[in-house]
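J.: Fit chain B to the supplied structure of chain A, relying on the hints for placement.
Number of protein chains: 2
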Amino acid sequence: MHDPSNLTLLPPLARRTDSKILFIVLDGLGGVIGPEPTALMRATCPHLDALAARSALGRTIPVADGITPGSGPGHFALFGYDPLAMHVGRGLLEALGLGVDVREGDVAIRGNYCTLDAEGRLLDRRAGRLATELAAPLAAELNAAIGRIEDVEVEVHPGLQYRFAAVFRGPGLDGHVGDTDPQAEGVLPHPARARQPAAEKMARIAEAFAAAARKVLGRRDVANGVLLRGISGRPPLPTYQQVAQLRPVCIAAYPAYRGVARMLGMDIRTDVEPTATVADEVAVLEDAWQQPHDFYFLHIKKTDSYGEDGNEAAKAGVIESFDAQLPRILALKPDVIVITGDHSTPGPMAGHSWHPVPTLLYGPWCEPEGAPGFDEATCGRGRLGPRLPATALLRLALANAGKLAKFGA
Amino acid sequence: MHDPSNLTLLPPLARRTDSKILFIVLDGLGGVIGPEPTALMRATCPHLDALAARSALGRTIPVADGITPGSGPGHFALFGYDPLAMHVGRGLLEALGLGVDVREGDVAIRGNYCTLDAEGRLLDRRAGRLATELAAPLAAELNAAIGRIEDVEVEVHPGLQYRFAAVFRGPGLDGHVGDTDPQAEGVLPHPARARQPAAEKMARIAEAFAAAARKVLGRRDVANGVLLRGISGRPPLPTYQQVAQLRPVCIAAYPAYRGVARMLGMDIRTDVEPTATVADEVAVLEDAWQQPHDFYFLHIKKTDSYGEDGNEAAKAGVIESFDAQLPRILALKPDVIVITGDHSTPGPMAGHSWHPVPTLLYGPWCEPEGAPGFDEATCGRGRLGPRLPATALLRLALANAGKLAKFGA
Numbered sequence: 001m002h003d004p005s006n007l008t009l010l011p012p013l014a015r016r017t018d019s020k021i022l023f024i025v026l027d028g029l030g031g032v033i034g035p036e037p038t039a040l041m042r043a044t045c046p047h048l049d050a051l052a053a054r055s056a057l058g059r060t061i062p063v064a065d066g067i068t069p070g071s072g073p074g075h076f077a078l079f080g081y082d083p084l085a086m087h088v089g090r091g092l093l094e095a096l097g098l099g100v101d102v103r104e105g106d107v108a109i110r111g112n113y114c115t116l117d118a119e120g121r122l123l124d125r126r127a128g129r130l131a132t133e134l135a136a137p138l139a140a141e142l143n144a145a146i147g148r149i150e151d152v153e154v155e156v157h158p159g160l161q162y163r164f165a166a167v168f169r170g171p172g173l174d175g176h177v178g179d180t181d182p183q184a185e186g187v188l189p190h191p192a193r194a195r196q197p198a199a200e201k202m203a204r205i206a207e208a209f210a211a212a213a214r215k216v217l218g219r220r221d222v223a224n225g226v227l228l229r230g231i232s233g234r235p236p237l238p239t240y241q242q243v244a245q246l247r248p249v250c251i252a253a254y255p256a257y258r259g260v261a262r263m264l265g266m267d268i269r270t271d272v273e274p275t276a277t278v279a280d281e282v283a284v285l286e287d288a289w290q291q292p293h294d295f296y297f298l299h300i301k302k303t304d305s306y307g308e309d310g311n312e313a314a315k316a317g318v319i320e321s322f323d324a325q326l327p328r329i330l331a332l333k334p335d336v337i338v339i340t341g342d343h344s345t346p347g348p349m350a351g352h353s354w355h356p357v358p359t360l361l362y363g364p365w366c367e368p369e370g371a372p373g374f375d376e377a378t379c380g381r382g383r384l385g386p387r388l389p390a391t392a393l394l395r396l397a398l399a400n401a402g403k404l405a406k407f408g409a
Numbered sequence: 001m002h003d004p005s006n007l008t009l010l011p012p013l014a015r016r017t018d019s020k021i022l023f024i025v026l027d028g029l030g031g032v033i034g035p036e037p038t039a040l041m042r043a044t045c046p047h048l049d050a051l052a053a054r055s056a057l058g059r060t061i062p063v064a065d066g067i068t069p070g071s072g073p074g075h076f077a078l079f080g081y082d083p084l085a086m087h088v089g090r091g092l093l094e095a096l097g098l099g100v101d102v103r104e105g106d107v108a109i110r111g112n113y114c115t116l117d118a119e120g121r122l123l124d125r126r127a128g129r130l131a132t133e134l135a136a137p138l139a140a141e142l143n144a145a146i147g148r149i150e151d152v153e154v155e156v157h158p159g160l161q162y163r164f165a166a167v168f169r170g171p172g173l174d175g176h177v178g179d180t181d182p183q184a185e186g187v188l189p190h191p192a193r194a195r196q197p198a199a200e201k202m203a204r205i206a207e208a209f210a211a212a213a214r215k216v217l218g219r220r221d222v223a224n225g226v227l228l229r230g231i232s233g234r235p236p237l238p239t240y241q242q243v244a245q246l247r248p249v250c251i252a253a254y255p256a257y258r259g260v261a262r263m264l265g266m267d268i269r270t271d272v273e274p275t276a277t278v279a280d281e282v283a284v285l286e287d288a289w290q291q292p293h294d295f296y297f298l299h300i301k302k303t304d305s306y307g308e309d310g311n312e313a314a315k316a317g318v319i320e321s322f323d324a325q326l327p328r329i330l331a332l333k334p335d336v337i338v339i340t341g342d343h344s345t346p347g348p349m350a351g352h353s354w355h356p357v358p359t360l361l362y363g364p365w366c367e368p369e370g371a372p373g374f375d376e377a378t379c380g381r382g383r384l385g386p387r388l389p390a391t392a393l394l395r396l397a398l399a400n401a402g403k404l405a406k407f408g409a
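Going line by line, the protein sequences match chains A and B. The numbers in the working numbering rise by one with no breaks, and the one at position 311 of the first sequence is 311. The numbers in the working numbering rise by one with no breaks, and the one at position 375 of the second sequence is 375.
Here chain A stands alone, though its shape is the one from the complex:
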């Protein structure tokens, strides 16, 4: 999906105005058109249908035709950053999502606590899905016992359940190191291997960290080791302030999405609980609306979760619960609204897919088409086209919000 780089195209054109853009991402929103109706087709959504009639519709391609996006690439594309032109590791996203300050030059790791047998073989890659209450004390224990390896500071941050993030800060670190997680049980973890000569030091530090963690945790029955994944440096990315003069804010419950938002310079509303309902998130949105922001990213996770479970009925239920909150959202009178997903997660496929994502653009100059509703088939016939690059949405939103000057005289 080659679309011009917003990172070079937009900065000279972007201008600050008071208009407000609301970007609503229903994670994994899309389904696949086939013999069974998709979740969007099943859901009864009078408010969404009414908004669709006043909007332009289309289907968007996050990465490229036929390519199934992970969550990271899907979100970067929606925010206008070409995912094929960047490499952002999951470790970095996880750390950023936990609110950790990751600086250029740092390396971040996404970790699992795991259970190993006496010979060091994996018994359980997730340590029995360890309770979240144990995450903070375990991290504190590791930080107290390790703290530093050679000239590198190490910080462990607790995540949900068996997950943690670790950040390594020191001279000469490079994130091109392979995972130690073998993705199988009954075998030894992989050694941390450098994938580039520049990463030899980081590979050595990662190995030493895994060995030290095993020693610290070793007396336990469960969670007596760690697996390291998504080892990654922080690429220099321009922020939304730099790209488009925006003052953005993120309303999301899950760490990884906050992580993406933080990388782009968004303020993060930390008063969204992991268990927040759509109504809870909208309450935070209403509060944030009083603040001097002009770009609001509202992320709703459960559409994807139910899609991954193959449960189209429950996915439709999440969409209906969003529809029920839409009047409160519209009462805020956003100048521009985008409603879309970061990728499709069709229930019949029980996973992410490559299918173009249903997308709605509402704004003063959006060319409304009076469509009868909002679903994959209707969007596929919409004015935005059947395969719009997702990276174009930011430009269309900015344009409708009056935030882009003319290109050339």
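Hints in this document: simulated from the structure, not taken from any laboratory. Errors might be hidden in some of the hints.
[Stated by the list, open to error] Simulated restraints on C-beta separations:
hint	chain 1	residue 1	chain 2	residue 2	range
1	A	A184	B	A331	49 to 57 Å
2	A	P37	B	Q241	37 to 45 Å
3	B	G66	A	G408	19 to 27 Å
4	B	P364	A	A144	50 to 58 Å
[Claimed, not checked] Partial pick of chain B residues on the chain A-facing surface, computed with a CB cut under 10 Å:
hint	residue
5	T8
6	L10
7	P11
8	L13
9	A64
10	G66
11	T68
12	A131
13	G385
14	L388
15	L394
16	R395
17	N400
18	L404
19	A405
20	F407
[What the hints assert, rightly or not] Some but not every residue of chain A turned toward chain B, in silico, with C-beta under 7 Å:
hint	residue
21	V32
22	D65
23	G72
24	P182
25	A184
26	L188
27	H352
28	T378
29	R387
Think of the CB as a built atom: it goes at the ideal place given N, C-alpha and C, for glycine as much as any other residue.
T.: Below, chain B alone, put in the same frame as chain A:
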């Protein structure tokens, strides 16, 4: 036509599965929508229409909007290789198509036997469309008499009628040499000119070859000289095995198409005669279906030939003869089917054209659209869109076949 490079995008995502992809290329399939019905519109194709209803439709752009593709670029695009990012000469394609082993560093030439007058001026660029029976003895004569020029081995291989291919193997050869064929009669052939300094040696060898051939053939009334065209080296191209873990096979009657397939690492079924009918080719397909291949390229030539002749009725007849064989093809139960062309060859234009090519994608997750048939107008309204880059088809086929992992976590 900007589409990401499959050559870098696909290798980390591709995975081998048992599912089978069938790629059917009706050469020059497309027509131009206008006052007269196209060949596809004229043809009565009940089986194709029924398949179209269960498929996704669109029109594809092989090279770029408004650009008329030659056969080589058209096929490379269909196979997912951006024709604008590569330069593959016709000499190379011809030699590969004749089954000649062309290695990196070799230079290949596509030649015509021609008839020259006493002053060396061209009387007939094709030597009276010399009978194919003469091709092998002439090649043997040239090989016996020449064999080597300086430190370069020369091999002449017979083609159809007046055509031959020659391969030059030796140190320091570069294919950037212009044609000697002036594309006109009554004039002298061009000298072989280097278009880059690195190609000076090859230009000298080509000149010496043309002079030696003239001397060997000189006593004849017809075919007393040669014209050299499409002089070309062999660029390093990753194969289908490397790009997508595929085990591909080619079923094509004509040398140039086999040449493209061979460059991409496809096995070539040599039991397809130049005179093979569609039914003959399908018989070979049925046999190949029992082999451990997972990508089948079936090429049907005559649609293009009749399009070039301006004979839409005959072109429609070829499409009908393909339709008659379609039940045998469907009985093989391919997991994914693509039916398309390498470019359009509208009868009213009697040549290749830039018009988007009607394309059908059938697969388990193709989003069938219940279209009433398969022609340019219907495809132009299809879900794949009116101008899908042809290079996206490989990705869509692989995705539908379950052969692509997720991009990013």
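J.: Evaluate each hint against the coordinates.
T.: For each hint, the structure was consulted:
no. : hint                          : result
1   : A184(A) x A331(B): 49 to 57 Å : violated, 40 Å
2   : P37(A) x Q241(B): 37 to 45 Å  : holds, 40 Å
3   : G66(B) x G408(A): 19 to 27 Å  : holds, 23 Å
4   : P364(B) x A144(A): 50 to 58 Å : holds, 53 Å
5   : T8                            : holds, 9 Å
6   : L10                           : holds, 9 Å
7   : P11                           : violated, 13 Å
8   : L13                           : holds, 7 Å
9   : A64                           : violated, 12 Å
10  : G66                           : violated, 18 Å
11  : T68                           : violated, 22 Å
12  : A131                          : violated, 47 Å
13  : G385                          : holds, 5 Å
14  : L388                          : holds, 7 Å
15  : L394                          : holds, 8 Å
16  : R395                          : holds, 3 Å
17  : N400                          : holds, 8 Å
18  : L404                          : holds, 7 Å
19  : A405                          : holds, 8 Å
20  : F407                          : holds, 5 Å
21  : V32                           : holds, 5 Å
22  : D65                           : holds, 4 Å
23  : G72                           : holds, 5 Å
24  : P182                          : violated, 16 Å
25  : A184                          : violated, 16 Å
26  : L188                          : violated, 23 Å
27  : H352                          : holds, 6 Å
28  : T378                          : violated, 12 Å
29  : R387                          : holds, 5 Å
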